[in-house]
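Visitor: Each chain, letter by letter, is given below.
Protein chains: 2
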Amino acid sequence: MKMLADAAMKRRECDLVIKNAKIFNVFTGETEKGEIAVKDGVIVGIGTDYGSAKFYDAKGRYALPSFIDAHIHVESSMLSPEEFAKLSVSHGTGTIVADPHEIVNVCGIAGAEYMKEAFSRIVYGGVNPLDVCMQLPSCVPATPFETSGAAVSAKETAREIDRDLFFGLGEMMNYPAVIGGDDEALRKIGSAKEKNKIVDGHAPALSKDALNAYAVAGIKTDHECVDADDCREKIRRGLYVQLRNGSSAHNIEENSKAVNEYNYRRFLLCSDDRNAYDLSEHGEIDDGLKRLVACDIPASQAIACATLNTAECYGLKGKGALAPSYDADIVLVEDLTEFKVSAVFKKGVLVAENGRALFSASRYRSNAVAGTVKIKPVSADDFKMDLSGDARVMRAVPNGILTEEEFVKVRSEEGDVVLPNGICKLAVIERHFATGNMGKCLLSGYGLRDGALGVSVAHDSHNLVIVGDGNESMARVARLLREAGGGMALVHGDCEKVFALDIAGLMSSVSAEEVIAKTREITELARKMDVKEGIEPFMSLVFLSLAVIPKLRLTDRGLIDVEQFKIISSIKESL
Amino acid sequence: MKMLADAAMKRRECDLVIKNAKIFNVFTGETEKGEIAVKDGVIVGIGTDYGSAKFYDAKGRYALPSFIDAHIHVESSMLSPEEFAKLSVSHGTGTIVADPHEIVNVCGIAGAEYMKEAFSRIVYGGVNPLDVCMQLPSCVPATPFETSGAAVSAKETAREIDRDLFFGLGEMMNYPAVIGGDDEALRKIGSAKEKNKIVDGHAPALSKDALNAYAVAGIKTDHECVDADDCREKIRRGLYVQLRNGSSAHNIEENSKAVNEYNYRRFLLCSDDRNAYDLSEHGEIDDGLKRLVACDIPASQAIACATLNTAECYGLKGKGALAPSYDADIVLVEDLTEFKVSAVFKKGVLVAENGRALFSASRYRSNAVAGTVKIKPVSADDFKMDLSGDARVMRAVPNGILTEEEFVKVRSEEGDVVLPNGICKLAVIERHFATGNMGKCLLSGYGLRDGALGVSVAHDSHNLVIVGDGNESMARVARLLREAGGGMALVHGDCEKVFALDIAGLMSSVSAEEVIAKTREITELARKMDVKEGIEPFMSLVFLSLAVIPKLRLTDRGLIDVEQFKIISSIKESL
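First to last, the sequence lines map onto chains R and X.
Just add 29 to wherever you are in the first sequence, counting from 1, and you've got my numbering.
Just add 29 to wherever you are in the second sequence, counting from 1, and you've got my numbering.
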């Protein structure tokens, strides 16, 4: 500590001084011209005329505290932690609150351990370029209607949340359980609170008494607000509202209407789910800032949402501001409208410049997340559906992830349904324990001809989701996915294509550039199979087994009516 | 936790519902009409139509979160913890951050233990009406030029700060040591940070490099800002600024000029030193709110300074807001300009109404704080000063606590100075270990004829301070103080008067009403001794040995030149 005082008092040389910066002060909203002096990874002063071993000329750019992503599922990028970190850091992120909900649903706690270890091993210039606050997922499995790779009980939660590994409890999606007073859900929350760890929320449009009941449990955040009124009510009841800049789910434009000069301290920026292309091309929190400012939120308030507010909400000491005793996590940006990042420092070490990370890291390999696609051998016959009469059909709605229910008259030939025009088959195959569980239903509104597509990413249990118009091609897709250890697979006549997601069937260990290129390549091939306009060939499949979004979903256990919250038949019930 | 969810969802009766309230929301700055529902001491909902075992009709009054006093030396009220709590709570205070700096300088850690225990024993309706976050004083003794009753080293600090007893480290007044890189001071701060405990500051007008050095140590607050510019600079460097509403030291009027809609979250309200009369007649944080709003700070921002901001600064979970999961610490006030408190709830229990505490508590007695005035027997001769020539005289400046230096020609008769007109003697007698240490000097600007006054409250070491124009009356005052175990004493001709401060020589165990009456009585007697206009007879003495305020001070070791920071002679040095 004496060294820091000495450096602050100019009795000793600093390690780094960033000169000619417009230093944004998140406590006052002002910008000061001057120097940021760094010693031992910590900001020791804002001032002038420091002596230093190294100088960095900011050339008049703005210096901001590094951004904090308040809530992200890294797995949704399909990138390895190492590749994710490169993109994230190059866009100015210094800290993420990561909820490894996907990988823990596949691999259990070992999935979180893998993520943390992989991030920890990224070291450059003696520092971790990205700080990761890892949440313990609260909803594993997410619903009782599906087979996930692991289950984390309240008892296990109580044990795990005490580990340094875990920063807090991840988004409590099961809000019906919380407001219903369900013992298991409340015990999970209770264990986190007992250890003084934060509990994240997920409560779209929860209101009035139900919101009171959700908040009284001690849940502190929500990233699912459906509109500005929803935000205002959440803020009133003491939740922090996370403005989401995901790849499919954005709510900044609408929800920023609730931000004002009094309450801005209660808003945070987050990504939630963001794909590699968006991370690479548009960025992460930097992109959120740009959007927020484009919505006429003053830059000073927007920056607080990306920095100080998040640090306060999560109790991140030394983060979120440029001031003495704070970590020297500093981003230089060109302006406060586009927020184009030109340099990123982590604890005083330059870790990214001009949009490129300066570090790289070899992949951390763990058996815990390899070879996770375990299915019983499948044949074309397994995809037969002996349906006749009024069949219940899941209808994919374009430009979103909702589905509808419709009924179509069908007939069966040789024990298999004859697919009417515009309808294909959807199958979900359990892939964690090779149980042979398979759910099947009819799907309309999707398009697709002469083949099949499949993925091993399928919220939240990540079983195999396969769509096709032929049993043989669907079986071939299942086999391709098994062989690749998961990924995206396509069979179109003779053409076979697979992009392996070798890490838990969720993420790839290739470079970000390759992930983007390969995803685009296989998606373009799928487009040639006449998938309908407004439907993302693979990405829409990812949500078709998410049994919490209306109306119909398919899991390995069967077809789910989400509103009734039960498994239903593929044939219309006689009244 | 299930009970709370059940109450929030109206599946179960609440314990208390406050009806017809205008509920101030410190997250949004809005006021909502409705009910506050309480179960198990916690707010379970803001809404309507709750069932409850009890109802309280707020009759349209405003409901605010109970106030938090960010920094107070309870000892300065001269009240026992029990009597202090009654006044504090009746004025809407729910939590105080108490720095027992005075009593620890007299009694050591046992003094803090006494305070905590005395507060803890105040129980009413199953709750402690006042939550007390006890700081471990950082500067015991405050300077090397005086004999205090105890010393708390860095080593002892490291051990003590780990105890549940202590919430954080009290104001680090020794800023020269901090910015100078002094090992002992930095180790104290380091121990607190290691245990994740907050460190309070005290750094009047500290600026630029020195402020950087002070802040880099990790000090988080300052209540000594001298003006709005000082506030702005402290805020920029990451400190929270505490607006002070003490009895002698106010800075709200000036410092509130620095508060604006962006930075208001960084300001807190505190009392620091507040006497019983002010606490009783004007209040505590309620009075601070009134003053802040009178300075044109919007009530919504002012209330945040008294509640949420302080809770955030000090990490007080469940405090500072009216929202589900927060403690039911609720104040009803008539309006948002005068903030007249009409009812106070603690964890859902009504603890004060119409300015009166509903609880009382018998005094907790502890030997650790009794009989603390230990002096060697004194006689009139001990007050002799054999001075002749150009004598250095301490000049009391009216309406403040500064002193000046002047030189007056004096002569000696029979080994004692002949007091020139308008000059009396000042003596400080060590009273902790009966060492016989006595400092003496001449004092002008004070007035006083035909007797002597003395007190055992004397910042920061609390030795006996006696002023008088005759050796015999000064000796009598010393004896009166010894017999009373400390207090305020007066000898005026034949008249003798003493008001005992039997708790550590700092506080009285009588009721607040008596403390106020007796203080007034003895002060009025002193006024008759021709103490000058603008000089508070006893209260000005209290600061005459505070060896950190310019220009001259007297301790038991001798006369101190504060600017030179050394002991000097009572006779002008020859050049």
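Derived from the structure by calculation, the hints contain no laboratory data.
Think of the CB as a built atom: it goes at the ideal place given N, C-alpha and C, for glycine as much as any other residue.
A few of these clues could be false.
[To be verified] Listed next, the stretches of chain R that the computed footprint assigns to chain X, with coverage defined by at least 3 CB atoms under 8 Å from CB atoms of chain X:
{"id": "1", "region": "89 to 103"}
{"id": "2", "region": "204 to 213"}
{"id": "3", "region": "400 to 413"}
[Claimed, not checked] Think about it this way: if two alpha-carbon atoms lie no more than 16 Å apart in a straight line, the pair counts; the simulated EDC-like pairs of lysine to aspartate or glutamate are:
{"id": "4", "chain 1": "X", "residue 1": "Lys31", "chain 2": "R", "residue 2": "Asp78"}
{"id": "5", "chain 1": "X", "residue 1": "Lys31", "chain 2": "R", "residue 2": "Asp419"}
{"id": "6", "chain 1": "R", "residue 1": "Lys31", "chain 2": "X", "residue 2": "Glu213"}
{"id": "7", "chain 1": "R", "residue 1": "Lys346", "chain 2": "X", "residue 2": "Glu223"}
{"id": "8", "chain 1": "X", "residue 1": "Lys413", "chain 2": "X", "residue 2": "Asp498"}
{"id": "9", "chain 1": "X", "residue 1": "Lys62", "chain 2": "R", "residue 2": "Glu363"}
{"id": "10", "chain 1": "X", "residue 1": "Lys237", "chain 2": "R", "residue 2": "Asp78"}
{"id": "11", "chain 1": "R", "residue 1": "Lys31", "chain 2": "X", "residue 2": "Asp238"}
{"id": "12", "chain 1": "R", "residue 1": "Lys31", "chain 2": "X", "residue 2": "Asp211"}
{"id": "13", "chain 1": "R", "residue 1": "Lys88", "chain 2": "R", "residue 2": "Glu363"}
{"id": "14", "chain 1": "R", "residue 1": "Lys438", "chain 2": "R", "residue 2": "Asp419"}
{"id": "15", "chain 1": "X", "residue 1": "Lys39", "chain 2": "R", "residue 2": "Glu363"}
{"id": "16", "chain 1": "X", "residue 1": "Lys237", "chain 2": "R", "residue 2": "Asp35"}
Visitor: Compare the structure with each hint and give your call.
Guide: These are the hints, each one checked on the structure:
no. : hint                   : in the structure
1   : 89 to 103              : violated (count 0)
2   : 204 to 213             : holds (count 5)
3   : 400 to 413             : violated (count 0)
4   : X:Lys31 with R:Asp78   : 60 Å, violated
5   : X:Lys31 with R:Asp419  : 44 Å, violated
6   : R:Lys31 with X:Glu213  : 11 Å, holds
7   : R:Lys346 with X:Glu223 : 12 Å, holds
8   : X:Lys413 with X:Asp498 : 11 Å, holds
9   : X:Lys62 with R:Glu363  : 46 Å, violated
10  : X:Lys237 with R:Asp78  : 12 Å, holds
11  : R:Lys31 with X:Asp238  : 14 Å, holds
12  : R:Lys31 with X:Asp211  : 7 Å, holds
13  : R:Lys88 with R:Glu363  : 10 Å, holds
14  : R:Lys438 with R:Asp419 : 5 Å, holds
15  : X:Lys39 with R:Glu363  : 53 Å, violated
16  : X:Lys237 with R:Asp35  : 14 Å, holds
Figure legend: structure checked against the earlier numbered hints; hints not met, in rising order: 1, 3, 4, 5, 9 and 15.
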